[in-house]
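Participant: Sequence positions in the sequence shown follow the UniProt record's numbering and run 1 to 160.
Mixed in with the good hints there might be a few duds.
[Unchecked claim] Straight-line Cα separation of at most 20 Å, PhoX-like style, residue types lysine-lysine; simulated pairs:
id, residue 1, residue 2
1, 154, 72
2, 122, 72
3, 137, 99
4, 63, 99
These are computed hints drawn from the structure, not numbers from a lab.
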Amino acid sequence: MKEDTLNFNKIGLKLNKIDMDILRLLANDCRISYAEIAREVHLSRMAVRERVMKMTEEGIIEKFTVQVNSPKVGLNTALFLQISATPSEIDFVANELCKHPQIESVYATTGKSELHVHGYVKDFQELNNFIFEEVYKIKGVTEVNFNLITKKYKSNGIFI
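Please model the entire structure based on the sequences and the hints provided.
Facilitator: Following this line, the structure appears as structure tokens:
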């Protein structure tokens, strides 16, 4: 068990140890079978399936996904964009950004930049084209700043 595991009971979310173990196993490998999980947590395959379905229905599990190694698919430049937009257009700008396949996540934030965007591009030329040919052409965008990611230490979003 990881040392940095979050104790959900301390924040008011009631998940028992078996549910936490199931979540850990799924977070590590979303393709793991119910039978494999059942062996690990000492339940039947159907009991594991029911628990996973319940956690999905309750919104604890939002989706099952794959984490792609970006450079291996030609997206060598990871970046953060800080985008300012007119207040009445923030939702529109965010939704337009979400349509781009190279954008991984879009967040509304407080502070100078209203939107924080994480994405990947092939190279600096593609970054330049994306900012000036795509982002700045979205109605409501007033300013774009960016930071290149030089090294990734953790990016799985898992805290269980």
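Participant: If a hint holds in the structure, say so; if it does not, say that too.
Facilitator: Here's how the hints hold up against the structure:
Straight-line distance between C-alpha atoms of residue 154 and residue 72 comes to about 18 Å, which keeps the hinted pair within the 20 Å bound. For the suggested pair residue 122 and residue 72, the alpha carbons sit about 11 Å apart, so the restraint of at most 20 Å is met. A threshold of 20 Å between alpha carbons decides the hint, and for residue 137 with residue 99 the separation of about 14 Å falls inside it, so the pair holds. The straight-line distance between the Cα atoms of residue 63 and residue 99 is roughly 19 Å, inside the 20 Å bound, and the hint therefore holds.
Consistency note: the structure conflicts with none of the earlier hints.
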